[in-house]
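Each protein sequence line maps, in turn, to chains P and Y.
Take the first sequence: its letters are residues 2 to 85, numbered as in the numbering used here.
Take the second sequence: its letters are residues 334 to 603, numbered as in the numbering used here.
One or more of the hints may lead you astray.
Claimed, not checked - To give a feel for the contact side, a few chain P residues facing chain Y, derived at Cβ under 7 angstroms: (1) K12; (2) S15; (3) A16; (4) L23; (5) V25; (6) R34.
Derived from the structure by calculation, the hints contain no laboratory data.
Every value quoted in this text rests on a predicted model; they were computed, and no experiment measured them.
Just so it is clear, CB atoms sit at the ideal spot from N, CA and C, and this is done for glycine as well.
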Amino acid sequence: MGILSYFRTKKQSSASVAKERLQVLVAYERNQRNQPDYLPQMQQEILAVIAKYVDVSMDDVQVNLDENCSILELNVTLPEAVKS
Amino acid sequence: MAEIIVVTSGKGGVGKTTSSAAIGTGLALRGHKTVLVDFDVGLRNLDLIMGCERRVVFDLVNVINKEATLNQALIKDKRTEGLFILPASQTRDKDALTVEGVEQVLNELSEMFDYIVCDSPAGIEKGAQLALYFADTAIVVTNPEVSSVRDSDRILGVLQSKSRKAEQGGSIREHLLLTRYNPVRVQAGEMLSVEDVQDILAIPLLGVIPESEAVLKASNQGQPVVLDQQSDAGQAYLDAIARFLGEEREHRFLEVQRKGLLSRVFGRKG
Numbered sequence: 002m003g004i005l006s007y008f009r010t011k012k013q014s015s016a017s018v019a020k021e022r023l024q025v026l027v028a029y030e031r032n033q034r035n036q037p038d039y040l041p042q043m044q045q046e047i048l049a050v051i052a053k054y055v056d057v058s059m060d061d062v063q064v065n066l067d068e069n070c071s072i073l074e075l076n077v078t079l080p081e082a083v084k085s
Numbered sequence: 334m335a336e337i338i339v340v341t342s343g344k345g346g347v348g349k350t351t352s353s354a355a356i357g358t359g360l361a362l363r364g365h366k367t368v369l370v371d372f373d374v375g376l377r378n379l380d381l382i383m384g385c386e387r388r389v390v391f392d393l394v395n396v397i398n399k400e401a402t403l404n405q406a407l408i409k410d411k412r413t414e415g416l417f418i419l420p421a422s423q424t425r426d427k428d429a430l431t432v433e434g435v436e437q438v439l440n441e442l443s444e445m446f447d448y449i450v451c452d453s454p455a456g457i458e459k460g461a462q463l464a465l466y467f468a469d470t471a472i473v474v475t476n477p478e479v480s481s482v483r484d485s486d487r488i489l490g491v492l493q494s495k496s497r498k499a500e501q502g503g504s505i506r507e508h509l510l511l512t513r514y515n516p517v518r519v520q521a522g523e524m525l526s527v528e529d530v531q532d533i534l535a536i537p538l539l540g541v542i543p544e545s546e547a548v549l550k551a552s553n554q555g556q557p558v559v560l561d562q563q564s565d566a567g568q569a570y571l572d573a574i575a576r577f578l579g580e581e582r583e584h585r586f587l588e589v590q591r592k593g594l595l596s597r598v599f600g601r602k603g
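Pulled out of the complex, with its shape left as it was, chain Y reads as follows:
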């Protein structure tokens, strides 16, 4: 039986797909057979972030409608062993996903993988609810910014009332992943700090990903940022994954980095 993880946020543009790609890849790097499922029907992008956009033949909706088998639709990642991608459909039909259809696909995937990472669409409508409905664990991606924090709190409400776990009287494991964190602005009092966001949302902190040039560079190239192990964001994601797997890791990149003499002279970027 696989563990089903939903990467969700309520608000769009906070880094759900980037985080899904990084977490899925990271879990596979740690030797766990992992599948990344894109639930953003109509606006798929996980394929692009993972660099397999030209290899998409069949998608999640095709599998649900039995137009293709799961094995036909799964795309094997070329860089990371044990990692597969199940792309979303580009159909405009909002009702393409059904609870029964999704359940069947997840059950089948559950036989084949250790982890199923579901990349949720933005919002709290049907698509987002389906992405989180079957989850065991939720990773709530939040930016240190008012609208993102508010929407994260709303999605926590949905997780606690509309998920299958909640309906059965249980609860989904919740994790906070704070992304696009800028310690310089936090120090200047211009940005909510990790502690501020934790005070408000009151869920365990999985990791803090610093605002980083590496993220755009990675998505430009269709390569999950964890593969750039020199980068701050890549390392922060790897730390978060280690914590997810139960390891103790200290939080890094929370303080303003003091530049060394060499990098100050030569203007090297970290």
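Chain P on its own, in the form it takes in the complex:
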């Protein structure tokens, strides 16, 4: 076992782990930054309306706005019970 592990591929360097983590994070944060300021508020209000009729939580709603602010996509994951 000891000899085998010796031949195993080298562990990923910590610098490349850092780079990968940064790439994901920075992409996410840039996306957030480019969103209009009203988006969080709008998301809250849409959710409040939906919550009046269906039992949903904040995590079940995803609001995406494409880069030129031309398409607004709203995804709501409904609880199992409502679907049937």
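Please build the complex by placing chain Y on the supplied structure of chain P, with the hints as guidance.
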């Protein structure tokens, strides 16, 4: 009209003040009349790095409040011709700086100098936003380390949305200055490389300053590191300044230096 340069980073302790001092001095050495303005109100340190801490009488806030004239507050550097320092105030009043006040001072400085180098405080709060608001050019100081790179990206976002240039539909010229670079650790896969940081931040590279003993030695003595022209860091800053002024300079100090026989025997330090 002067070109206004902001030296900024988001994160603290990455070398903004060291870099401001080096760049300002370097521009003056190249014959450009330059003023270094410390925007770090409450925590001024540029005076200390420039070795003029005992000559501070009036400061930026005094000038804004009209308690002193600009000429009274400007400190003439004793070593470098054409270089002046405008220190920050040590007041604890966070609202000491106003957009109008800063604009007025920068306008006045603009008549007198070729370059205005603004040393930004850390963070993305009011002080940092004011330091970059009027800038034409930004030098983003970054260490090859995750939190510094992330914060640099955030400050790039601020530059692209909260600066006057951005508000008027234009954009600030952005430069990356990578400091405290250690080629040995990069080679060992323990530190982000220049290419890694460039891939993430995607702005033009102005220079790479190696981690160097010369930097602490220079700040101990209150002397900008570019004046130590034997040092690797000093030379790297001078290269960056030459590039800033439009010259082509190859990047140095990116590879592991192989020690010569003599220095190996006698343990000389580069």
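Against the structure, the hints come out as follows:
1. K12: 9 angstroms, violated
2. S15: Nearest chain Y Cβ about 6 angstroms off; hint holds.
3. A16: P/A16 check passes; min Cβ-Cβ to chain Y is 5 angstroms, inside 7 angstroms.
4. L23: At about 5 angstroms, which falls below the 7 angstroms cut-off, the nearest Cβ of chain Y leaves the hint on P/L23 intact, so it holds.
5. V25: 10 angstroms, violated
6. R34: 5 angstroms, holds
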